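Visitor: Given next are the chains, with one letter for each unit.
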Amino acid sequence: MPLIKNGRVTEDRYIKILDDAPLPEDGPVIVPAARFLADAEEILRRNAPVGVIWPNNRRVAELEPYLDRVSLVILVFPSFKDGRAYSQARQLRERYGFRGELRATGQILRDQFLFQVRAGFDALDVAKAGDVDAFAAALARYTVFYQPAGEGRIAAARQRAARLAVPAPGEAML
Amino acid sequence: MYLYDELDRTIVAERVAEFRDQVGRRISGALTEEEFKLLRLMNGVYLQLHAYMLRISIPYGTLSSRQLRMLAHVGRRYDRNYGHFTTRQNIQFNWIKLEDLPNATADLASAGLHGMQTSGNCVRNITTDQWAGVAPDEIEDPRIWAELLRQHCTMHPEFSFLPRKFKIAVTAATHDRAAVKVHDIGLRLHRNGAGEVGFEVLVGGGLGRTPFIAKSIRPFLPKRDILSYTEAILRVYNQFARRDNIYKARIKILVHDLGAEAFAREVEAEWQHIKDGPLALDPAVVAEIAARFRYPDYARLDENPPELAQLRNADRRFDTWLGNAVANHKVPGYAIVTLSLKPEGGPPGDATSDQMDAIADLADRYSFGEIRVGHEQNLVFPHVAQRDLAELWRALDAIGVATPNVGLVSDIIACPGLDYCSLANARAIPVAQELTRRFRDLDLARDLGRLHINISGCINACGHHHVGHIGILGVEKNGEEFYQITLGGRADERAELGALLGPAVPYGKVADAVEEVVAAYLELRERPSEKFVETVKRLGVEPFKERVYATH
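Just so you know, the sequences run in chain order E and F. According to the numbering used here, the first sequence is numbered sequentially starting from 1. According to the numbering used here, the second sequence is numbered sequentially starting from 175.
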């Protein structure tokens with residue numbers, strides 16, 4: 001599955017380590033949540049980036065103590081219809097201030113790209129190769145957003161408030 | 175009326191372009207039906223028994239005459255010359271073709287109409303009192319809050335893939351015409367002891383196969399917090415509700431399983447993190463939305479003009495209609511008029527394109543160009559001068575929408591049932607049609623007083639049968655249609671679920687059974703002013719049961 005990061009197809013530099021496999025000496029690794037929590041200090045002591053795959057039915061609050069030392073969190077969409085990871089993403093970004101890579105994996109389709117980016121994901125494991133080229137268009141599909149979501153797009157309410165505060169050209173001259 | 179600004183129009187236009195692209199990809203085969211399903215649902219498109227069905231959102235049930243003409247046009251151009259008004263204050267067209275959808279949605283968008291948030295597992299059209307803004311018993315116009323919530327929830331990046339659909343209703347009147355207690359979130363605007371206006375927040379109400387009356391989780395929420403608190407409820411719901419079984423995925427099950435207090439604690443904890451963030455409402459933003467609700471420039475008119483009394487005395491039919499379909503308005507000299515879409519023998523809630531055009535013209539002449547859709551599947555003219563009532567009545571009568579049965583036994587709410595719906599187990603519309611024929615006698619109907627019959631063609635309860643004074647639920651038994659009857663349900667501020675009368679009856683016996691129930695009521699009521707639901711409350715279902723099943 002192609003990985004799109006910050007809008008570009010990117011090589012995944014992490015290696016996935018299954019539950020009982022030994023960790024390599026060096027190099028970025030991705031470990032499952034349970035293994036990470038069982039042995040977090042040991043895993044973080046390695047001198048290489050650490051990513052965690054976090055299931056969508058576990059509170060991300062458990063990850064909070066480690067977020068400044070984790071460089072990647074992967075959240076899971078088992079189906080595009082299962083939207084739990086949207087809430088986890090927003091909590092990680094907006095509540096816990098996670099600044100590392102936030103990756104969506106699972107059934108990641110072009111019609112959800114914009115929702116995912118707005119929820120705070122900056123990397124997407126795209127499910128269909130044909131959807132990769134649609135990324136830019138999917139993100140440009142909408143130019144107005146009704147609600148603030150912490151990812152930087154200005155919500156309509158703020159545009160309206162600004163319009164109230166600044167007289168429109170012409171009005172100021174009266 | 176709420177007037178769209180360029181931001182609202184841009185969103186709708188962008189949505190039309192996106193949907194055109196999605197339909198194109200489906201037609202080309204780039205999207206599977208399974209993948210397309212959720213995308214079409216996000217635009218109000220269902221695949222029913224015979225064809226695609228397009229549901230169009232009518233936010234809080236408010237329509238302009240121009241929008242109603244556009245709906246008439248869509249019915250004529252892309253469908254079979256009629257539309258069906260729903261219990262969610264929306265309209266749906268039942269025979270639309272896939273390849274026509276992009277153009278139909280573009281036509282609708284030109285009048286500010288769309289199908290966003292009308293289906294799929296998102297926050298659905300926010301409903302409210304169809305008399306909002308004109309009801310004498312309301313403390314303020316609830317549509318401003320419905321509009322703020324509508325905008326907040328539209329294409330929400332976190333809440334577009336919820337465990338199930340999610341319905342919010344708002345009321346601001348002492349009499350709840352919005353059925354807030356049977357919604358996922360019910361909001362009741364009221365004044366607290368300190369004189370401030372805010373919301374009582376109820377959660378976990380709903381019908382379907384496991385009906386619940388909503389529980390109050392916060393007696394008073396300041397207005398500034400309505401978006402953040404709603405966000406907190408939705409976030410708790412999104413994360414913790416069941417997703418393994420669609421019948422257990424609504425918030426009512428989560429609230430029931432956790433208990434209302436534990437659920438409220440989760441919401442409160444979530445809310446503490448976000449209440450003072452960007453969702454805290456700036457009064458300027460509220461004022462901006464409120465300013466885009468335009469109210470008519472009412473004339474100074476006398477209440478109860480003398481010519482009205484003369485006409486009432488002169489024409490009994492007019493007098494009957496006036497006593498039934500016309501309600502008090504908060505402005506002197508004006509009235510609220512309900513247009514019955516429940517003619518004898520007609521499918522409840524249907525209007526033809528010609529009727530819609532005629533109603534739009536009459537709204538321009540008599541109601542400042544504004545029409546409302548109520549959850550009882552009738553239309554409303556919210557601003558009629560009392561001196562115009564007789565003229566308006568003649569015009570409404572001529573197009574068949576002046577049946578004086580509003581709130582009476584033949585004002586039946588029914589889902590589309592097995593005539594259209596792929597989920598239904600039994601027919602609902604023909605049962606309603608038969609009942610309107612049985613109760614064609616309007617004198618009898620008036621004597622019976624307020625009596626709501628609600629019919630659902632399956633357990634999903636789109637006809638809200640649990641809260642019908644008489645509820646009728648179609649089920650399938652060995653390949654045949656049977657109907658369970660419940661008595662004593664109600665959807666207002668004293669919401670209650672109906673109690674089962676007895677064993678289900680076959681299709682051919684439903685109308686007989688309802689007639690027996692009604693006859694029993696006439697015998698059992700203590701006095702003519704004791705309403706049907708009050709008699710059931712006092713006596714329970716037993717005496718009705720004896721009567722119905724003794725004769726079968």
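Just so you know, the hints here were simulated from the structure itself, not pulled from any lab data. Nothing here was measured: the structure is a model prediction, and the numbers come from that model. Just so it is clear, CB atoms sit at the ideal spot from N, CA and C, and this is done for glycine as well. Just to be clear, a hint being listed does not mean it is correct.
Rough simulated footprint, nothing fancy, chain F against chain E, three-plus residues with beta-carbon under 8 Å [what the hints assert, rightly or not]:
#1 39 to 46
#2 78 to 84
#3 114 to 125
Visitor: A separate judgement is required for each hint: does it hold in the structure or not?
Guide: Checked hints:
With 0 residues having a Cβ less than 8 Å from any Cβ of chain F, the segment 39 to 46 of chain E misses the three-residue criterion, and the hint is violated. Residues of the segment 78 to 84 of chain E with a Cβ under 8 Å from some Cβ of chain F number 5, which satisfies the need for three, so the listed coverage holds. Taking a C-beta to C-beta cut-off of 8 Å, the segment 114 to 125 of chain E contributes 5 residues in contact with chain F, enough for the three needed, and the coverage statement holds.
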